[in-house]
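These protein sequences, in sequence, are chains A and B. Under our numbering, the first residue of the first sequence carries the number 1, and numbering increases by one thereafter. Under our numbering, the first residue of the second sequence carries the number 327, and numbering increases by one thereafter.
Certain hints may be false.
Some but not every residue of chain B turned toward chain A, in silico, with C-beta under 7 angstroms [stated by the list, open to error]:
{"id": "1", "residue": "S476"}
{"id": "2", "residue": "T488"}
{"id": "3", "residue": "V600"}
{"id": "4", "residue": "L639"}
{"id": "5", "residue": "A643"}
Just so you have them, the derived chain B footprint on chain A, three or more residues with Cβ under 8 angstroms [said to hold, decoys possible]:
{"id": "6", "segment": "234-248"}
{"id": "7", "segment": "299-311"}
These are calculated hints, taken from the structure and not from any lab test. Computed from a predicted structure; not experimentally measured. A virtual CB, placed ideally from N, CA and C, is assigned to each residue, including glycine.
There are 2 protein chains.
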Amino acid sequence: MQVVQTGRGAVRGVTGLRPESRRNAMSTKLNACVIGLGSIGWGAAVSLLREGFPTVAVDIREEALAKFVAEGGRRAATPAEGAAEADLVMVFVVNAAQTETVLFGENGAVAAAKPGTTFVICVTMPPSAMSDICARLEAAGMKAIDAPTSGGSGKAASGETTLMASGPDAVLDGVMPALEAMSGRIYRLGDTCGAGSRVKMINQLLAGVHIAAMAEAMTLGAKMGVDLGTLYEVITGSAGNSWMFENRGAHVVNGDYTPHSAVDIFVKDLGIVVSEAGDGCPTPLSDTALALFKEASAAGMGREDDAAVAKLLAKKAGVKLPGVED
Amino acid sequence: MQVVQTGRGAVRGVTGLRPESRRNAMSTKLNACVIGLGSIGWGAAVSLLREGFPTVAVDIREEALAKFVAEGGRRAATPAEGAAEADLVMVFVVNAAQTETVLFGENGAVAAAKPGTTFVICVTMPPSAMSDICARLEAAGMKAIDAPTSGGSGKAASGETTLMASGPDAVLDGVMPALEAMSGRIYRLGDTCGAGSRVKMINQLLAGVHIAAMAEAMTLGAKMGVDLGTLYEVITGSAGNSWMFENRGAHVVNGDYTPHSAVDIFVKDLGIVVSEAGDGCPTPLSDTALALFKEASAAGMGREDDAAVAKLLAKKAGVKLPGVED
Chain A
1 MQVVQTGRGA
11 VRGVTGLRPE
21 SRRNAMSTKL
31 NACVIGLGSI
41 GWGAAVSLLR
51 EGFPTVAVDI
61 REEALAKFVA
71 EGGRRAATPA
81 EGAAEADLVM
91 VFVVNAAQTE
101 TVLFGENGAV
111 AAAKPGTTFV
121 ICVTMPPSAM
131 SDICARLEAA
141 GMKAIDAPTS
151 GGSGKAASGE
161 TTLMASGPDA
171 VLDGVMPALE
181 AMSGRIYRLG
191 DTCGAGSRVK
201 MINQLLAGVH
211 IAAMAEAMTL
221 GAKMGVDLGT
231 LYEVITGSAG
241 NSWMFENRGA
251 HVVNGDYTPH
261 SAVDIFVKDL
271 GIVVSEAGDG
281 CPTPLSDTAL
291 ALFKEASAAG
301 MGREDDAAVA
311 KLLAKKAGVK
321 LPGVED
Chain B
327 MQVVQTGRGA
337 VRGVTGLRPE
347 SRRNAMSTKL
357 NACVIGLGSI
367 GWGAAVSLLR
377 EGFPTVAVDI
387 REEALAKFVA
397 EGGRRAATPA
407 EGAAEADLVM
417 VFVVNAAQTE
427 TVLFGENGAV
437 AAAKPGTTFV
447 ICVTMPPSAM
457 SDICARLEAA
467 GMKAIDAPTS
477 GGSGKAASGE
487 TTLMASGPDA
497 VLDGVMPALE
507 AMSGRIYRLG
517 DTCGAGSRVK
527 MINQLLAGVH
537 IAAMAEAMTL
547 GAKMGVDLGT
557 LYEVITGSAG
567 NSWMFENRGA
577 HVVNGDYTPH
587 SAVDIFVKDL
597 GIVVSEAGDG
607 CPTPLSDTAL
617 ALFKEASAAG
627 MGREDDAAVA
637 KLLAKKAGVK
647 LPGVED
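Start from the sequences and build out the full structure, keeping to the hints where you can.
Rendered as structure tokens:
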């Protein structure tokens, strides 16, 4: 577990958590409620359980809840039921609209929660929407933290998610033991909700463009007769490498499009980039990558792994990628 | 020193060089000629000297030659003079046209070289041009290796350049001691000249797009009020990272556009990608990034560091980057 404190102008560097505070962390047993057992929410929920936090989960999928109960957790039928006894409500749904529904909609969490309950919103959404939702939480007598995640399902399962967190220091300090239980790294990005989401948005800009670039590189490589396994090995040791080339490029080389993160996630996340940038800030690479993800989604690949944009390009180029039939 | 053998279908993995062959390497003193003392060629030339290879250098810049003599090397007035006594001629000029001139033009190396001299062409050029030049070398009674480099001036200076090499095994084996003297890693990408250049071209596709994406990310971050030092620290630890974000992003954060690799290099290298891909293979990200580099060059930034594309975008967005005046 590593806590990184950054933000407010100067980079303050990496700060290791002292053993004493780690022990204090372990002895503080906040009651947690996790809303949304997708890949990241699931990892957070089981990590909280593993570290001894009483945790109740809410999801619309019966099988996810049954699996969580089998892990030793509790289940609730609605966000309201889950939030009623919680000190901490963590939200892991897909977008801003779903967040609004589980918080403020019918059987929503906020109306049922105790005053002063801390809501940690781990959803990638437009920074402006995050600021708005956090303000509404505070107006309802709750505390709010903006904390989108990075690192994917693998890191989440092992309790090593990265959090890009912002919000009042005292609020963040109060729930830090629980956040530490599910995170490998926590960036503290200032005391204003929205700041975490802005950094996450920039991360997604890069991630999305890099996936599209990987797809283009693999397609052109295949078209020119380069063995893709060799290409992967050389590029991952060279200046053309990216986190996404290394991660998603392996999917293309292995012809495995099992969705770890789906095409439609980047239709959403690059859509956020382009809409928040607006006319005032040019985003030519994001525009181009977004068009590719949209085209892949329209071609029926929306729920496949985001590396499937390579299949779209390869089809246009008339070249066969590993493990791809047509 | 690490030799990586890959290619011809299966990835054969990383093979450490045995101490005996390293000793053999050290006792083989090929006479080397280095044509072109730019950042990579300079690093190669001084690395060869350092490892005891008698080395003569050719360049059009008097000061580079004087500096090389001060390092203990020899100088030649023309490629012909430099190549006359060499067993190995390494070429580090900028593009295919310059390569043709130093090899086959007036006072060119080929006419003066001993039959069977090995020419190692470390220039990034279209793979089709590389194949053509190597074929002409062989037709002239010479041996040829296609070996573009990666890793930049820093790695070159310390003798740790990456080589993406292809060509006949026996030819490559014959000059391996000299290549090892200047390289941290040598990928052997098959016995056909052109194969190394194809992999290098894909590397440049990714590198160029990643630089442009870094520029876009930094500009949008600045526009939204994110501290760029903080953004840099978070992204370099997250899924949005790339080798180029880490390397060139630091230039933007520090406002330092000292040219380690210039904008015009990517006008050339992404131009190669787009022209070699032709109409048969879509390259939307490369097209978009190339347009940015061209626009930056047209705006007078062609000789600045390639990270200067960020200045172009920031100007359009009406936002100030660190260390940038207007």
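Going through the earlier hints one by one, which of them does the structure break, listed in rising order? 3 and 7
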